[in-house]
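Note that the protein sequences, when read in sequence, are chains G and P.
So the first sequence is numbered by my numbering: it starts at 1 and just counts up by one.
So the second sequence is numbered by my numbering: it starts at 1 and just counts up by one.
Bear in mind the hints are in silico, worked out from the structure with no lab data behind them.
One or more hints might be untrue.
[Said to hold, decoys possible] Under the rule of at most 30 angstroms between Cα atoms (straight-line distance), these lysine-lysine pairs were calculated in the DSSO-like manner:
1. G:K83 - G:K57
2. G:K42 - P:K69
3. G:K42 - P:K108
4. G:K78 - G:K42
5. G:K57 - P:K3
6. P:K52 - P:K3
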Amino acid sequence: EPEVTQTPSHQVTQMGQEVILRCVPISNHLYFYWYRQILGQKVEFLVSFYNNEISEKSEIFDDQFSVERPDGSNFTLKIRSTKLEDSAMYFCASSSLSGGDTEAFFGQGTRLTVV
Amino acid sequence: DAKTTQPPSMDCAEGRAANLPCNHSTISGNEYVYWYRQIHSQGPQYIIHGLKNNETNEMASLIITEDRKSSTLILPHATLRDTAVYYCIVRLYGNKLVFGAGTILRVKS
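Here chain P stands alone, though its shape is the one from the complex (with noise of 0.2 angstroms):
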């Protein structure tokens, strides 16, 4: 599978939108763009995922480049809730999903 690269750390101030960036510059063309995130020592919790256009569901929106060599998730409205490990993962066909360092997200008020 794909790596992944994402900024270690980022801020978001409550009520604002929250941008998530992942580089995957060597993702091929079957592989999806997954996104998760882990509130404490909880389960992973599955958020989004998208293979070539932009999705959106009730959590949250992913934009993939036209390129798909990098994707941003978007939380439109983060709350204190919010604030968690994000990972982003690139999945090719099989079950593993490979989980990296993420994105630690603090939502402040």
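One chain only, chain G, in its complex shape (with noise of 0.2 angstroms):
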């Protein structure tokens, strides 16, 4: 069954540091997203992107954050200056479609660590 894949599973830095999580998202799908849940708290919306652009994204998504599809199956999500409030699980989903009647399916998560 297809599945949505992201790497690292774990991942620790340095506040002030960059860091890039990755995600490949189902391969025919054309929508993807990136969600956060901090510890213990609710899932979030981050960020969705479509045909190269960002077509939505959340006010937690600042110009700190920034996302990418550098080739035809990789899509990344970078801080640039990770501070330690960033420390959270990430989740990448993808979609084949937009709209209310497509599901989305996620990945198994990013923990990310800021010390």
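Mind assembling these two chains? They're in different frames, but the hints should get you there.
Shown next as structure tokens:
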């Protein structure tokens, strides 16, 4: 069964360092997303991406964050200068279409720990 | 997207049906009802979705009331592995899913 793959599963970084979280969406999907979940809190939407452009972003997704699809398979989330409060699980998701009648599938997440 | 209301937690005996309710009284005509679950801190897992009609797949059944103001997710024979947080989400055309606090389902032997 096709699945969304995320690497690494766990990343520890020093405050102020840049990190890149990687995702391989399901191969025929066109819409890509990042969500995050701070420990004990809700899953929060960060950004959606389609046709090499951001289609929607939340207030969380400020100038420290960027997304990119560098090739035909990978989808990345970059945090330029990490803060302690960026520590969270980061989930990538993909869907074949936009719209209400299309399910999104999530990866198993990357646990980011900023120290 | 419309807000949903779910009980914070529920218990279910192993082998019995788990019925998880969700209220979405402000849902609009073209919004879908989605159910996801999250086991420990794993990625949310898609379960089922529907618009008006009841839906069934290999994981669960979704019963939507005629006025669409509420729905029930049914896991027909709950197992210990179904212990998770279950999220009911109402989704309009658009990309994002808005997660609430969900219902913690504890399946007990």
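Given the hint that P:K52 pairs with P:K3, test it: the Cα-Cα distance must not exceed 30 angstroms.
-> Status holds; Cα separation ~17 angstroms.
Below or equal to 30 angstroms on CA atoms is what counts here, so check G:K78 against G:K42.
-> Since the Cα atoms of G:K78 and G:K42 sit roughly 21 angstroms apart, the hinted pair holds (cutoff 30 angstroms).
Is the Cα-Cα distance between G:K42 and P:K69 30 angstroms or less?
-> 23 angstroms, holds
Is the Cα-Cα distance between G:K83 and G:K57 30 angstroms or less?
-> 19 angstroms, holds
G:K57 paired with P:K3 [C-alpha distance capped at 30 angstroms] = 19 angstroms, holds
Restraint status (C-alpha distance of G:K42 to P:K108 at most 30 angstroms) = 25 angstroms, holds
Hint compliance for this structure: no hint is broken.
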